[in-house]
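Novice: For the sequence shown, this note's numbering begins at 2 and goes up steadily by one.
You may find that some hints are simply not true.
Stated by the list, open to error - DSS-like, lysine-lysine: derived pairs with alpha carbons at most 25 Å apart:
| hint | residue 1 | residue 2 |
| --- | --- | --- |
| 1 | K7 | K61 |
| 2 | K7 | K52 |
| 3 | K126 | K73 |
| 4 | K128 | K52 |
| 5 | K52 | K115 |
| 6 | K61 | K73 |
| 7 | K115 | K128 |
| 8 | K52 | K73 |
| 9 | K115 | K7 |
| 10 | K9 | K73 |
| 11 | K126 | K115 |
| 12 | K126 | K7 |
| 13 | K9 | K61 |
The hints are simulated quantities; they were obtained by calculation from the structure and are not laboratory data.
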Amino acid sequence: MTGYAKPKHAATVILVRPEARDGFEVFITRRPPEMDFLGGAYVFPGGGVRKEDTSEAVLKRCSGLSRQAARKILGAELSLELSLAHWVAGIRELFEEAGVLLCVTEARNPIDMKQEGLEERLSRKRKQLTQRSMDFLTLLESEGLLCDASRLAYFSHWCTPEEFAIRFDTRFYLALLPPDQSPLATSEEVAHSLWIQPERALKLCQEGSLPVIFPTYSSLRTLADFDSLEALFAEYRLK
Numbered sequence: 002m003t004g005y006a007k008p009k010h011a012a013t014v015i016l017v018r019p020e021a022r023d024g025f026e027v028f029i030t031r032r033p034p035e036m037d038f039l040g041g042a043y044v045f046p047g048g049g050v051r052k053e054d055t056s057e058a059v060l061k062r063c064s065g066l067s068r069q070a071a072r073k074i075l076g077a078e079l080s081l082e083l084s085l086a087h088w089v090a091g092i093r094e095l096f097e098e099a100g101v102l103l104c105v106t107e108a109r110n111p112i113d114m115k116q117e118g119l120e121e122r123l124s125r126k127r128k129q130l131t132q133r134s135m136d137f138l139t140l141l142e143s144e145g146l147l148c149d150a151s152r153l154a155y156f157s158h159w160c161t162p163e164e165f166a167i168r169f170d171t172r173f174y175l176a177l178l179p180p181d182q183s184p185l186a187t188s189e190e191v192a193h194s195l196w197i198q199p200e201r202a203l204k205l206c207q208e209g210s211l212p213v214i215f216p217t218y219s220s221l222r223t224l225a226d227f228d229s230l231e232a233l234f235a236e237y238r239l240k
């Protein structure tokens, strides 16, 4: 036996938005320093794929991507359920950490965030999710929502090296910030957050004022090669 920890499947979401000078910005968050894993580092929102994300009830509440299409993107070594569950985990984690919900109604219409009481209800239920007093399926069913998997475009794949005690096998996704939503500045798992252009983030990394791990740095380096959202959309088929 090697003694190496088995990596846990995970999903990370790189949220992007237009920038005033025709470029774009990414949303990056700092993990609280006291966290055991990557405490104090700047990361993109994300986390582990949970068993509940692979459940039939949750997967039936997905729109915009089939299980077969998800596995074709991620690889045949994954089951159909686990493949689509990566999209569910990304949507769930983005909502838990940043309050941005990439969902549609059961009629496949955009969420109307101006609906009376909706923002307050979602804020309350987000906190219940983080406290584990509510699961994601209950939130979806209670609000009549479906995960909009078409909003997440596959970006890259990273696995924590074998020498680390805590390991993740992570798929990275790109997602455009919905026009009527704004991410939380802080939350239970976020000590600080900022919108920043990839080139600016790389400069801060090199100066030592934006501590990141290599997958985050590499993602920023790739994103910095695109001078517009249109070019990024064309490359990754982001909607």
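Novice: All the hints need checking, so say for each whether the structure fits it.
Specialist: Each hint, compared with the structure:
| no. | hint | verdict |
| --- | --- | --- |
| 1 | K7 x K61 | 29 Å, violated |
| 2 | K7 x K52 | 16 Å, holds |
| 3 | K126 x K73 | 33 Å, violated |
| 4 | K128 x K52 | 20 Å, holds |
| 5 | K52 x K115 | 33 Å, violated |
| 6 | K61 x K73 | 19 Å, holds |
| 7 | K115 x K128 | 20 Å, holds |
| 8 | K52 x K73 | 21 Å, holds |
| 9 | K115 x K7 | 44 Å, violated |
| 10 | K9 x K73 | 20 Å, holds |
| 11 | K126 x K115 | 17 Å, holds |
| 12 | K126 x K7 | 32 Å, violated |
| 13 | K9 x K61 | 23 Å, holds |
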